[in-house]
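Turn these sequences into a full structure, and let the hints steer you where they fit.
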Amino acid sequence: MKKYSIIICTLLVLAGCSDWLSEDGAPKIDYSLYETEAGIDAALVSAYNYLRLGASGEHASAYVELGTDLFTEGSDGSWRDSFDQYGAKMGADNSLLYKLWENNYKGIGNCNLALDEVATSPVITEEKRVQSIGELRFIRAFMYFDLVQQFGRIPLVLKGSYEVQTAFKRASVGEVYDAIISDLRYGVENLPIPDKVSDVKKGKANSYVAAHLLSKVYLTRASASVEDRGKKTTDLDSALYYSEKVIKESPYQLQKNFSDLWKIDNQGNSEVIFAVQYTTNTLFNGDGNWLHLFWLAEYDNKPGMSRNIEYGRPYKRLRPTDKTLFELFDRKNDSRFYKSFQWVYYANNSKTIPKWSELKQNGEVYFTPDPDKGQVKGKNKFSLGDTAIYYSVVKTGFGSSSLNLKKYIANYSYTYFPYEAQDLKNFPTLLKHLAPNRADAAQRESGREWVRMRLGETYLIAAEAAGRKGDFDLAAKYLNVIRERAAWAEGEEKAPQYWNVEGGMKNNVQSTYKEIEVTKEQLAASDFVSFMLDERGRELLGETCRWEDLVRCEKLVDWVKKYNPKGGNIQSYHKLRPIPSNHINRLNPVGPISEEQNEGYY
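Using UniProt numbering, read the sequence shown as starting at 1 and increasing by one per residue.
Accuracy of the hints is not assured; some may be wrong.
Claimed, not checked - Below, in silico cross-link-like pairs of lysine-lysine (BS3-like), each with a Cα-Cα straight-line distance of 27 Å or less: (1) K373 x K407; (2) K575 x K204; (3) K169 x K204; (4) K373 x K355; (5) K339 x K355; (6) K89 x K566; (7) K407 x K432; (8) K89 x K425; (9) K339 x K323; (10) K202 x K169; (11) K351 x K377; (12) K520 x K248; (13) K332 x K263; (14) K256 x K514; (15) K232 x K514; (16) K373 x K395; (17) K323 x K520; (18) K231 x K555; (19) K379 x K407; (20) K425 x K355; (21) K196 x K248; (22) K202 x K432; (23) K323 x K248; (24) K204 x K245; (25) K339 x K425; (26) K355 x K406; (27) K159 x K196; (28) K196 x K245; (29) K555 x K432; (30) K379 x K406.
As the list claims (entries may be wrong) - What follows is a set of in silico ranges between Cβ atoms, one per label pair, in the way DEER data are often shown: (31) V123 x D558: 52 to 60 Å; (32) V197 x S225: 50 to 58 Å; (33) E358 x Q522: 24 to 32 Å; (34) T519 x Y573: 35 to 43 Å; (35) E554 x D116: 17 to 25 Å; (36) T233 x R586: 47 to 55 Å; (37) E249 x K169: 52 to 60 Å; (38) E358 x D76: 31 to 39 Å; (39) S306 x A38: 31 to 39 Å; (40) Q361 x K263: 37 to 45 Å.
What the hints contain is simulated information worked out from the structure, not anything from laboratory work. Backbone N, C-alpha and C fix where the C-beta goes; we use that ideal spot for every residue, glycine too.
This is how it looks when you write it as structure tokens:
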């Protein structure tokens, strides 16, 4: 008899680029194959693939990074009204949110059916059974964690069903967290424990992967002071315990240089705890990873430039707020600022290199080339490989539309964007998601991994849990591990902005760690939660977690109103997303709208 899930009727088997997945001959399965080891492995592949949604299209970039204190909208995109402006399109008919809902519940349904079958399979070893159950419960927990952070009270389905069901009551947030924690604790106790980084199988859960996520879940539940998440008095102890387990026992190691984290040839490095996998083989890549598209400025129509694989395909969806550029970082001493953005573009198109010429406005000459400055009329301003575009945080003091600004910029050989010249199309590009391993410059579907957990965050979880417990000495200890890596290292060549913008001394090769080291006294005197939110912003900028961090710490409304120029419409109910109408319309029986929908959306 053919078996049907309440959520999904077929399994999608799309192999990724991990060493544990075979791209050739991936089995096409039905539920009878659960009775074989190959079928169980295929079910696991299918379950992991449901974790791809956030990066496979314009999903996580919109519902986790837009509408925050650190990023606001660029010039393009369909989701600006809803996710950045909190406008009328943020409602129950929002198709992007329904896609998240649908995808995760399909994945959960898949996991539930597979768990039932694996538990009774007569053909696998007990070791294989326990590990498979651990992976499936980890995936189920991960998907529920994403859902509960976005939607709050949601249906909690933990058993597979072969019949179509239409009656779902929303569980309390506390009940959902209890289920997530139960699944992850099973994973910590039963999943493999790698001894060396070389033992880690990319894209697969192990005991430390489950421990990292579990520490974050406990910290999220513990962070609530107004909301009811079912918080328990031991949550901070648990968050600290599991984060320290990863820090002290796991083989993962921080990369020495922050820049190394984003190099395309350094994927799956020693700091990556868990990353959703993609591949450059388009046959098995599905929709691929699109995150590389969304933070890019419009560089490709500038003089001396054309679109290429290295600089990417600019979708102009997200740009940094003034807080990110001017308040968040110690720009001089914290190297993460200049290492997180693309500041310079080098000329790659000889056909559009400009020449020095007179410039006029309203018939009046406002710029004449000065040969004494090397500005020879009719001569190329620069050559291939020279600077063609440069973005800066320098404020000129001129208005963005003033003639004085144009005169100032005209003296540069390259296209220069001081702060006042930046706009919705022109801004520093976050480089963490660039994918120069694509086949061509137009390709959207990249094979870059989507890093969802890394050891740098584990240290921040431990520090926050310790500080919230009042142990600022321990909090400072873990923060300073991250701060030491964040500083310009002894002997490291600093970015030129260090001396030509930030006031440092040229050729200074001294470490800047002492300038950004934190002390327990500083932490004790600070608004510690705000401090940690900003530290997470500095370390995890653009790493698809910011909206949920703001909600977790109950700062979303205040900080969006304060720092996001487009976020003035935000209301307190926006801390939750609307329950999709597609779900509510299929319920039978359906309860009162106040029971089925979140406040503010009816």
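So, going through the hints one by one against the coordinates:
1. K373 x K407: holds, 15 Å
2. K575 x K204: With Cα atoms ~31 Å apart, K575 and K204 exceed 27 Å; violated.
3. K169 x K204: Status violated; Cα separation ~32 Å.
4. K373 x K355: Measuring from Cα to Cα gives roughly 14 Å; hence the hint holds.
5. K339 x K355: violated, 32 Å
6. K89 x K566: holds, 14 Å
7. K407 x K432: With a Cα-Cα distance of about 34 Å, the restraint between K407 and K432 is violated, given a limit of 27 Å.
8. K89 x K425: At roughly 23 Å apart (the allowed maximum being 27 Å), K425 and K89 satisfy the hint.
9. K339 x K323: Status holds; Cα separation ~17 Å.
10. K202 x K169: violated, 37 Å
11. K351 x K377: Holds, because 18 Å separates the two Cα atoms, which is no more than 27 Å.
12. K520 x K248: holds, 21 Å
13. K332 x K263: holds, 23 Å
14. K256 x K514: It holds: about 17 Å lies between the C-alpha atoms, which stays within 27 Å.
15. K232 x K514: violated, 38 Å
16. K373 x K395: Answer holds: K373 to K395 is near 23 Å, not above 27 Å.
17. K323 x K520: Since the Cα atoms of K323 and K520 sit roughly 25 Å apart, the hinted pair holds (cutoff 27 Å).
18. K231 x K555: holds, 18 Å
19. K379 x K407: Roughly 19 Å between the alpha carbons, so the hint for K379 and K407 holds.
20. K425 x K355: holds, 24 Å
21. K196 x K248: Distance ~13 Å between K196 and K248 Cα, so the pair holds.
22. K202 x K432: holds, 19 Å
23. K323 x K248: At roughly 34 Å apart (the allowed maximum being 27 Å), K248 and K323 break the hint.
24. K204 x K245: holds, 19 Å
25. K339 x K425: holds, 21 Å
26. K355 x K406: holds, 17 Å
27. K159 x K196: violated, 36 Å
28. K196 x K245: Measuring from Cα to Cα gives roughly 15 Å; hence the hint holds.
29. K555 x K432: holds, 25 Å
30. K379 x K406: Holds, at roughly 20 Å.
31. V123 x D558: 52 to 60 Å: holds, 56 Å
32. V197 x S225: 50 to 58 Å: The hinted range 50 to 58 Å is violated for V197 and S225, with Cβ atoms some 38 Å apart.
33. E358 x Q522: 24 to 32 Å: Given range 24 to 32 Å: violated, Cβ gap about 55 Å.
34. T519 x Y573: 35 to 43 Å: holds, 39 Å
35. E554 x D116: 17 to 25 Å: Violated: the Cβ-Cβ distance is about 38 Å, outside 17 to 25 Å.
36. T233 x R586: 47 to 55 Å: violated, 39 Å
37. E249 x K169: 52 to 60 Å: Between E249 and K169, where Cβ atoms are some 40 Å apart, the hint is violated.
38. E358 x D76: 31 to 39 Å: Roughly 34 Å apart at Cβ, these two residues keep to the hinted range, so it holds.
39. S306 x A38: 31 to 39 Å: 48 Å Cβ-Cβ, so the 31 to 39 Å window is violated.
40. Q361 x K263: 37 to 45 Å: Since the Cβ atoms of Q361 and K263 sit about 44 Å apart, the hinted range of 37 to 45 Å holds.
The structure does not agree with the numbered hints 2, 3, 5, 7, 10, 15, 23, 27, 32, 33, 35, 36, 37, 39 stated previously, though it agrees with the rest.
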